[in-house]
Every structure is written in structure tokens, then in C-alpha cells.
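Asks: These are the residues of each chain, in order.
There are 2 protein chains.
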Amino acid sequence: MKFEIMRDHLLAGLNDVMKAVSSKTTVPILTGIKIDVSNEGVSLTGSDQDITIQTFIPAEENGEQIMTITTTGSIVLQARMFNEIVRKLPTNDVEIEVTNGFATYIRSGKSEFHLIGQDAVEYPQLPEISADQQFTIPADLLKSIIRETVFAVATSESRPVLTGVNWHIQEDELICVATDSHRLARRKTKLEQLPTGVSNVVIPGKSLNELNKILEDSTNPVQIVMTNQQVLFKANNMLFFSRLLEGNYPDTSRLIPENYQTNVILDGKSLLQAIDRASLLAREDRNNVVRFETLEENMIEVSSNSPEIGKVQEQIQVESLEGETLKISFSAKYMMEALKAIDGQDVIIQFTGAMRPFILRSVHDDAILQLILPVRTY
Amino acid sequence: MKFEIMRDHLLAGLNDVMKAVSSKTTVPILTGIKIDVSNEGVSLTGSDQDITIQTFIPAEENGEQIMTITTTGSIVLQARMFNEIVRKLPTNDVEIEVTNGFATYIRSGKSEFHLIGQDAVEYPQLPEISADQQFTIPADLLKSIIRETVFAVATSESRPVLTGVNWHIQEDELICVATDSHRLARRKTKLEQLPTGVSNVVIPGKSLNELNKILEDSTNPVQIVMTNQQVLFKANNMLFFSRLLEGNYPDTSRLIPENYQTNVILDGKSLLQAIDRASLLAREDRNNVVRFETLEENMIEVSSNSPEIGKVQEQIQVESLEGETLKISFSAKYMMEALKAIDGQDVIIQFTGAMRPFILRSVHDDAILQLILPVRTY
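Protein sequences appear in the order of chains A and B. Just so you know, we're using the numbering used here here: the first sequence kicks off at 1340 and counts up by one. Just so you know, we're using the numbering used here here: the second sequence kicks off at 1340 and counts up by one.
It is worth saying that the hints were derived from the structure and are not from the lab. Source: prediction; values computed, not measured. Careful, some of the hints might be misleading.
Note that the list lumps identical chains together, so a pair holds whenever it fits in one copy or between two copies.
Unchecked claim - Think about it this way: if two alpha-carbon atoms lie no more than 20 Å apart in a straight line, the pair counts; the simulated SDA-like pairs of lysine to any residue are:
{"no.": "1", "residue 1": "1573", "residue 2": "1591"}
{"no.": "2", "residue 1": "1358", "residue 2": "1596"}
{"no.": "3", "residue 1": "1672", "residue 2": "1557"}
{"no.": "4", "residue 1": "1341", "residue 2": "1399"}
{"no.": "5", "residue 1": "1608", "residue 2": "1431"}
Pulled out of the complex, with its shape left as it was, chain A reads as follows (with noise of 0.2 Å):
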């Protein structure tokens, strides 16, 4: 195996499959990256077992020269050390050659690196996924989706399956579920080409975090293929693979309520700063908790009282404010993350009482559902 290259395609692959090798695996070739040379390029390959990343940098493109390529062949560098290497490295030209089985020599200008490398052979496989499943997003709008709800999944392992986001293809939806049983995100998205075969899935939260990383936000389509096993996403020489978890997610429709006492119309943005501004003194009591009242004249206010440190109250005016009077308390942490998700629109919040879940809304559009569970204190 021989090959010249552009340093810059080469890390920027690098910079892409690093994101799935984990230092803490306890499979000693996984802290390393599989590089396979072929005719038409080079493939890179990173993974921690869950996540697996495979870029794929082609020998040309739009009629530029990234590499020559002398011979073929394949092997297995240790993943930050070669990352670091290529990093520091003097020139632009980077020359990789494997010799006597793995020892391996990078150089560029007067440098050269000699490091010992694992025969490829050992790698694990990828999964085979065929890809006659697949249906389509573009990178943006997955992107959104991914942020718009992966951050409600469950941070304890007491119930693993709430660890993940639930993918869901209902009719010509896909209906993505997060929640850690205090709160709830979710989001719909309509479908232009429907996949058969596997519909219901659960992408572990981490795996959702780091595609989120790596996608460029563009409108380029992103193929996902789901299985019962694996989700695969394929985007533009990039391939993602993640395991799902296993068990059955919980039927989270009826947590929603059908009925609303309380409904408020305001911007989302201002409530937002208003609760961060309470959090501050609701965060020395570790439970983060803030108040919320309806007022006269639409006017709520947002509140809060730590008895060592002092207090903190602020009035909002509101678009509209109609149904009964409430005063209800919640979690600030789930309010913020909340109107983040729904970000900055004009925001509808529909209350069923204070002991009653409650749900937030754009008022342009449904695809967006937030519901928190409220805290009693009143």
C-alpha cells in the first residue's frame, strides 16, 4: 500500500471518522482507524461499537487530483496518534506507505513518521444493510429534528429504552418521540417517499448527538436506511451506522391532554431570558424550580425564592391570555430546553390546571410538541 495525498481531505475525513473512536473501548483495534486504498480512492473507518463512521475520500474530484495512488491495500494506524500526526505534519503533500506487513511510513517534507500498524483483517466488518429501505431527508431539516428532540431522552439507564429517541413511520410521518418521564419532546415530519419493512425504531441519544456533529447544514439528502438491528444514514462519501436499542418504547399519546384550562400566547424569546434570569437563584436549591402566574391584563409573571440567597420576580406582557387563572411551578432546566427546541417563535402554552401536564407549541405550525410535567409547591 502506497499513496500520496492532500493533507487537508485527508484530515478532514480524519476529523469526521474520529468522532466514533473512543479511547475507553475495551476492543484494543477499535482505538485504531482502518484506512483501505483502492483504485478509485481511499476509505477511512472509525468505531466504538455503537457507532460506527466510514468516510470515503474518491481519488477525484470535481476534476481535482486528491491523491495518486502507487498500490493498493489496507491498514489499521492508531487513531489519535495518526490523527495527531497528519495535524502537525510540514506540507500539504503527505506520502503513506505500508512495507514488510505493517510498518508504516508517513512523510512529508523532511519529516518522517514511522509507526507500527495492525493488520486490517482483524477490523470488524461493517453490518450489511440493504439498501432497498431507505427513505430520504435533507441534512438540514434531519438536523433540526435531531435537536428538537434528543434532548429530552433519559440521562439514567434505569429504563434504558428512554435513552434513545423513538422513530416512528405512521402513515406518511415520521413521528420522533423523546422523553424522560418528566418531560416530552415531539416532532413530526412529512415524508415525500415512504420506506416498507422496519417502521419503528429506537436511535440511542448519543449516536443522534454526534450525527447531529457531523452533518454539514445543508439541504444535500441524507438516505436512511432502518433495520432491526441498525440505523444507517448515508450522506454525500459519509456512512453512519448506529446500533438501536432494544426493548419497547413506551406508548407516549396518551400522556397528551385533549382539554386545556389556560392558554397563553407570547414570544418565546422573552420567556425564555425570563426563566434564565429566575433560574439563577432557583439553581442554588438544586431543584431548579421557578413559578409561573397568570396576572391581569394580559401579564404573567415569572418567579422565584431561595431563602438563604434571596428572590427574584419579573412581569411579561403576553399576546393573548385566555381561560382561568393559574399559578403552576416547573422545572426551569425543561422550560428552557423547551423554548430553545421551539426557538424563538411566537409560542402557544396550554395549561390543564397545576397539577396537570402541559404542552408548548409554535402557533405556526404542530409539528413541534414540548409537554412538561409540572412541580407541586402551591
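Dock chain B against chain A, hints included.
Replies: Chain B only, in chain A's frame:
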């Protein structure tokens, strides 16, 4: 006490004094910031006993009215909380009022915070330092002097005096020396104005690092007053006090060799990058040692070897190479820090054999001298 102030001015002042406040203090009132309101303006004081920072925000600056003072007075407010509250207030107008003893109200827009303050009388007094023994250094030069020496202080407390930088006025020069007994950094600076009185102090490295962060990169003068217990830096509405380290600083002048056997002149930046690359492999063995070898024809070689992982070697063309051939090993970290202090200029390195300390200087001037003890591997 009651005044209204523009939030951005209050924040800038808080930002400075917060650098002196530690959450780990054993003196409860030092978790607070002291606010003193006079008719001339507001002064803020923060301290962790080692460092005390006081900033003064004048009521009026360059014809701009920064605050309106209704009544004067003093209060101590919990530092982290007060800082976060001011940071998150909704408008640029902040009203602060103390009523009924220590009950403090912070109002901005429709937001009102109520904090329980502490009696300012409980806050430690600033040390009294007479200003008749001061000398002056421009802020940007003072920052350079700190950066070029402070990295070489000892991190271990086994000889506490070595955790500071020795500032010594001799004839018309300020000589700053730091050493951890494996390497040494020395910076000489001509003074235009000479103080009488105390001429030899040891300033804790931590204090100098904080001072460097807080000083602006400008040519504005900083006045420096050295006493037996404290050093005071005065700049533009800011007072920075540091305690001094006790004990005699060792005489380091005899460590510096007087005769050299090998002299190399080269580009400091190229060497820095080559050492950085070589240290990638050296680091794995924990000792971080790289080798340096003179070759024929104005070439040197930097190399490193880690039996488990591999090796690296790199040749560098130098500007001049005189004297005996040399193979020497040293800490990559020390060499990189020394080269960064000399800052990429043409560097002369002077060796007295593989077992003796060697020195680095700029070829252009003698102000900065860096000394490194080699590691015995050959």
C-alpha cells in the same frame, strides 16, 4: 445606597475583580464582592487573600455619564451570583438599592432581584502601600515580561519560593528570573525610572498569570510598587495587589555557562514545529524526551523513538553551525516553551557538551535568555 449604572460598564468592572474571587476560599466573606459607592463613582473589590483586585468605575468618563448616584454606601454581594445576574439583566440600565440594612434590590426593565447582602465593614481592608517608591512599565511590555518568564516557575511546592518569579532591580535593570531547577527563564528590562527601597521580591506565578489576563495590550503605563509583603500594580482605574513569597531566591547567575562548544543559529519557528512533531511520539513514553543531533552541511536532525508505537525523524537546515559535533536529548516541553518565549525570531542555541545546560537567545538581543538542562540518554 442607591445608584443607577450602565450595565456594560458594571460588567467590565466585575469581569476584572471576579478574577480574584475564588469559590474555594476559607473566609466566607471573600466569596463576595465589595461595592463602595461614593459621589465620584463605584469601586468593586474582590480577593482570595493572595490576590486582591479593585476596579473603580467613575461616575463620568470622557464627558459620558455612566451612572446616577442617589445615595452613597457600601455592601458585599455574593460574587458569582451578582455577576451572573448582571450578565443576564434584560436592559442596559441597572438600578441597585440597599434598604433596611443589607437587603439589596437589583432592577432592570421589568425584572427585580432581591439579594441578601453582607456588611461591608466585615470585608478585609486593602493593604496600605505608599506610592513614593514606584516605577513604571508600559502594559504591553509588562505582559511580555510575564509571558517570557512565568511558564518556567516550579509547579511542585517542594521549594515554595521557586513557584514565584524573582524580580530584582540591579543598576538600571529589572531582572526577572524563573526556574523549576530543570530549566530557567531570564528577562532583563532597562528601567527609565528607578525606585528606592525594596529591590528584590518573589511574586507568585499564579498572581502574574492573573495580572497578565487582566492587563490590556496597550502602551498605557502600569505603576509598580514593591514592599516587603506586597506588590501593587496600578493601571487605568485598577489596583492589583499580590502577596509575595517568603524565603531567599537562589542565586541563579552561576548556572549559566560562560564558554560554549557548539553554536547553532536557526529559525525558531521551524525548530518549534519539528520538536512539536517529534514530541507526539515522545509523549507516549511519559518522559517527553526528544533527540537533537548536528549533521554535516548546516543540517541538524530532531528525532524521537517509542518502541511500542514507532519513531520520527526530521532534518532541518540551519543558518549556521559552528564548533563540535553534538548529540543531546532534552524535554520537548521545555524546548517548546523556551522557543515560544523567544517568539519565532532567529534563535541562537549554545551548547557545552551533551551533559551540560545549554542556552537559547534571540540573535538580535540579549534581553531574553532561556536555559535548559539536558536529559542523559546517550
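Asks: Is it within, between, both or neither when you check residue 1672 against residue 1557 at 20 Å Cα-Cα?
Replies: neither (30 Å within a copy, 42 Å between copies)
Asks: With identical chains, the pair residue 1341 and residue 1399 could be close in the same copy or across copies; at 20 Å between alpha carbons, which is it: within, between, both, or neither?
Replies: within (17 Å within a copy, 70 Å between copies)
Asks: How do residue 1573 and residue 1591 come out at 20 Å by Cα distance, when the copy is not named: within, between, both, or neither?
Replies: Result: close neither inside a copy nor across copies, 29 Å intra and 63 Å inter.
Asks: Taking 20 Å as the upper bound on the Cα-Cα distance, should residue 1358 and residue 1596 be classified as within, between, both, or neither?
Replies: neither (40 Å within a copy, 49 Å between copies)
Asks: From the Cα coordinates, with 20 Å as the cut-off, is the pair residue 1608 and residue 1431 best called within, between, both, or neither?
Replies: Cα proximity of residue 1608 and residue 1431: across copies only (18 Å, versus 46 Å in one copy).
Hints 1, 2 and 3, counting from the list given before, are not met by this structure.
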